[in-house]
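Starting from the structure of chain A, add chain B where the hints point.
Protein chains: 2
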Amino acid sequence: MKEISGGVCAPKGFMAGGIWCGVKANSQKRDLALIYSEKNCAAAAMFTANRVKAASIIVTQEHIGRGKLHAIIANSGNANACTGEAGLASARRMAELAADEFAISPRDVAVASTGVIGVPLPIAAIENSIGALANSLRGDEAGHAAALEAIMTTDTRKKEVSVEIEINGVPVRIGGMAKGSGMIHPNMATMLCFLTTDAAIPRELLEKSLRRATALSFNRLSVDGDTSTNDMAIILANGASGAPAIAEESAEYGIFAAALEACCVKLARALARDGEGATKLVTVTVCGAHDEQTAETLAKAVAASSLVKAACFGADANWGRVLCAMGYSGAEFDPGLTGVRFRSLAGEIAVCKSGQPVGFSEEDAKKILSEEEIEILIDVNSGDAAVDGTATVWGCDLTYDYVKINGDYRT
Amino acid sequence: MKEISGGVCAPKGFMAGGIWCGVKANSQKRDLALIYSEKNCAAAAMFTANRVKAASIIVTQEHIGRGKLHAIIANSGNANACTGEAGLASARRMAELAADEFAISPRDVAVASTGVIGVPLPIAAIENSIGALANSLRGDEAGHAAALEAIMTTDTRKKEVSVEIEINGVPVRIGGMAKGSGMIHPNMATMLCFLTTDAAIPRELLEKSLRRATALSFNRLSVDGDTSTNDMAIILANGASGAPAIAEESAEYGIFAAALEACCVKLARALARDGEGATKLVTVTVCGAHDEQTAETLAKAVAASSLVKAACFGADANWGRVLCAMGYSGAEFDPGLTGVRFRSLAGEIAVCKSGQPVGFSEEDAKKILSEEEIEILIDVNSGDAAVDGTATVWGCDLTYDYVKINGDYRT
Numbered sequence: 130m131k132e133i134s135g136g137v138c139a140p141k142g143f144m145a146g147g148i149w150c151g152v153k154a155n156s157q158k159r160d161l162a163l164i165y166s167e168k169n170c171a172a173a174a175m176f177t178a179n180r181v182k183a184a185s186i187i188v189t190q191e192h193i194g195r196g197k198l199h200a201i202i203a204n205s206g207n208a209n210a211c212t213g214e215a216g217l218a219s220a221r222r223m224a225e226l227a228a229d230e231f232a233i234s235p236r237d238v239a240v241a242s243t244g245v246i247g248v249p250l251p252i253a254a255i256e257n258s259i260g261a262l263a264n265s266l267r268g269d270e271a272g273h274a275a276a277l278e279a280i281m282t283t284d285t286r287k288k289e290v291s292v293e294i295e296i297n298g299v300p301v302r303i304g305g306m307a308k309g310s311g312m313i314h315p316n317m318a319t320m321l322c323f324l325t326t327d328a329a330i331p332r333e334l335l336e337k338s339l340r341r342a343t344a345l346s347f348n349r350l351s352v353d354g355d356t357s358t359n360d361m362a363i364i365l366a367n368g369a370s371g372a373p374a375i376a377e378e379s380a381e382y383g384i385f386a387a388a389l390e391a392c393c394v395k396l397a398r399a400l401a402r403d404g405e406g407a408t409k410l411v412t413v414t415v416c417g418a419h420d421e422q423t424a425e426t427l428a429k430a431v432a433a434s435s436l437v438k439a440a441c442f443g444a445d446a447n448w449g450r451v452l453c454a455m456g457y458s459g460a461e462f463d464p465g466l467t468g469v470r471f472r473s474l475a476g477e478i479a480v481c482k483s484g485q486p487v488g489f490s491e492e493d494a495k496k497i498l499s500e501e502e503i504e505i506l507i508d509v510n511s512g513d514a515a516v517d518g519t520a521t522v523w524g525c526d527l528t529y530d531y532v533k534i535n536g537d538y539r540t
Numbered sequence: 130m131k132e133i134s135g136g137v138c139a140p141k142g143f144m145a146g147g148i149w150c151g152v153k154a155n156s157q158k159r160d161l162a163l164i165y166s167e168k169n170c171a172a173a174a175m176f177t178a179n180r181v182k183a184a185s186i187i188v189t190q191e192h193i194g195r196g197k198l199h200a201i202i203a204n205s206g207n208a209n210a211c212t213g214e215a216g217l218a219s220a221r222r223m224a225e226l227a228a229d230e231f232a233i234s235p236r237d238v239a240v241a242s243t244g245v246i247g248v249p250l251p252i253a254a255i256e257n258s259i260g261a262l263a264n265s266l267r268g269d270e271a272g273h274a275a276a277l278e279a280i281m282t283t284d285t286r287k288k289e290v291s292v293e294i295e296i297n298g299v300p301v302r303i304g305g306m307a308k309g310s311g312m313i314h315p316n317m318a319t320m321l322c323f324l325t326t327d328a329a330i331p332r333e334l335l336e337k338s339l340r341r342a343t344a345l346s347f348n349r350l351s352v353d354g355d356t357s358t359n360d361m362a363i364i365l366a367n368g369a370s371g372a373p374a375i376a377e378e379s380a381e382y383g384i385f386a387a388a389l390e391a392c393c394v395k396l397a398r399a400l401a402r403d404g405e406g407a408t409k410l411v412t413v414t415v416c417g418a419h420d421e422q423t424a425e426t427l428a429k430a431v432a433a434s435s436l437v438k439a440a441c442f443g444a445d446a447n448w449g450r451v452l453c454a455m456g457y458s459g460a461e462f463d464p465g466l467t468g469v470r471f472r473s474l475a476g477e478i479a480v481c482k483s484g485q486p487v488g489f490s491e492e493d494a495k496k497i498l499s500e501e502e503i504e505i506l507i508d509v510n511s512g513d514a515a516v517d518g519t520a521t522v523w524g525c526d527l528t529y530d531y532v533k534i535n536g537d538y539r540t
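Protein chains in written order, with my numbering: chain A, 130 to 540; chain B, 130 to 540.
If you're looking for bench data, these hints aren't it; they were derived computationally from the structure.
Partial list, derived from the structure: chain A residues whose beta carbon lies under 7 angstroms from chain B: (1) T358; (2) A439; (3) F442; (4) G484; (5) L527; (6) N535.
In silico BS3-like pairs for lysine-lysine, Cα to Cα no more than 25 angstroms straight-line: (7) A:K533 with B:K533; (8) A:K495 with B:K153; (9) B:K495 with A:K153; (10) A:K337 with A:K182; (11) B:K482 with B:K495; (12) B:K496 with A:K533; (13) A:K141 with A:K131; (14) B:K495 with A:K533; (15) B:K533 with A:K495; (16) A:K533 with A:K158; (17) A:K153 with A:K287; (18) A:K496 with B:K533; (19) B:K182 with A:K482; (20) A:K182 with B:K482; (21) A:K337 with A:K168; (22) A:K153 with A:K533; (23) A:K131 with A:K287.
On a predicted model such as this, the values are computed, not experimentally measured, just so you know.
Built from N, CA and C at the ideal position, the CB exists for glycine as well.
Chain A extracted, bound-state conformation (with noise of 0.2 angstroms):
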């Protein structure tokens, strides 16, 4: 697997494209985006399991259930969330539109919302830029990132990927785009993540290898402990490559649903990198635990502890909060057995074992946390080595700024 550029226009027959059509009415940023496959694709996706959904949700678990997509519209600056019977019409009316453009069935169109919840979305801006918005369809890199733009809201920083591996000697492609910094949480968060593939693979395969590649890394992934009622996962597959299609449990699976998994993390990372104010991305690694899922559950409480993050922001080798996160997640495990370190590129520090003190150096540790990315890495020595349960979860510090971003994110 090698890294490439070209973002979702980097698989072949891609094109993508974004304009500002003004639901985003304080700025002229661009608020309206449009993926494009020449060939209808197979399709899968990953939903909220927020019990608010929005419009879009709603319409696109509709539309994705006969497995097939040809276009991605999606919207910022409004959510299109708890507005109710209008709300759904202008989500069925965003499909339409594209539809329309291409003479497709809107059943074959996905729709994507993000932004404030509880406002009337603005359809005729929409519906008046619609020519504009496919005719600034493109199939390069330019494409991509006049896409990614209008998807991003409080977003400081462009979440892509693109990558090439190669299915029976044919070169084949993934590309993905992700939007998202605040109401961030395992189990999606008001993330947008799209992705293309130019491989031949079967709804089924396609939807197995998006299964696991999200519960391996946006499920992971936590700012600040909010799920989101809009958040959702797509991949397109037009087979355009040329590539054998994809068969069941096949090595070139293997090679794929690994690609596509690196693919997820690299976008989750960078999600959480860019949770809203944050300085810094908190990785957190449980090992030794008696099964994966504890050992995510012991990662999660620990990347979404407010203390633990706001220790990250202030470089404070806290390590108590760290086991007493752990603690009152709910999942087994020996706080006398426990051992933690703290790591980054200016070295590793042991700060805990068996649960009580190390003596270790402050200005050490405060130099490891003031980088960067910084490791958490906890090791609870449950001692079966037969069942090494080992997770990792990303987040990120809690500082002033995610205060000042969300105490008045409407106005």
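Just chain B, lined up with the frame of chain A:
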């Protein structure tokens, strides 16, 4: 029931005191407290649900097993948690030291600690000052105040209560103090709560009334989602009022239990209001749910949401975040039937009806949310009037100061 003064010394036969012994090494603020009853007491206690338990929790859980206590010794400045066998020995030593002063059994002494985790407790400081601590005991409000000061850490306000009721025509008093401002979350916080009463009440009823009062107060409290390793609420009943013993299911039991609940709710509200960095008390009430548990789960998710808390700080009527938090709580409700109102001394405003936006004046909303005490009122309208599940939860806003306080707590 009437409010009186005196705190834990308001009930007859109780004394309290507090001194500085040096556990708080960087200041000369009081750090060692004692509460003592002239007679041995019926006693009950509730403890943290955290799997990582401080040494004081382990020791006090052992001691309370007999349902009797004579005294409580507590230190601030060091949590004596994650400190292994040495920590456990120190906690036992604290009980012994207090017991020796009064020639009582160490098993009749409760031990409590609060402060930084993972640092050995400097037990010598406590040993050297135990005589001075015993000498500081007083049966009046000054004794209560000294003890209360000695259990405070980042607290900025005193949390105290004392009330008088009548049992069969005889005045009976309940007094209490609490500390805690960070690491506060349902299922107990770094919260210490010491309650005294001169009621004559058997241990079983005392425990029953404390369990219920705790469930409706401290367990409905959220500051930062972190559940501490050290939390406990203890009540001592010495019978010194001279009132007849309270019998099971009697009217007198009802009066006592209601008064105890009122005391705990007052302390819980004070704890929320003094949440680390908090500028506002946020009260969340959910009604119309299928049952009380559902209402509580929904209300807790709202009170604990970082996004809702940041919006309260910014006086931003962002009700979409309220619905969003309810949506990921896991509790059952229909977003399409849900109404949300904001209320404070400045007025009341409906912002959402049937899950959809209601036109409202942003200016009015800002005024309402700028008060020091604000209420979020949620009616999920599940419709069956016969099962109107209602619950109230207390929290606070998320501010710059929370991040500041917790970014560098140890230094």
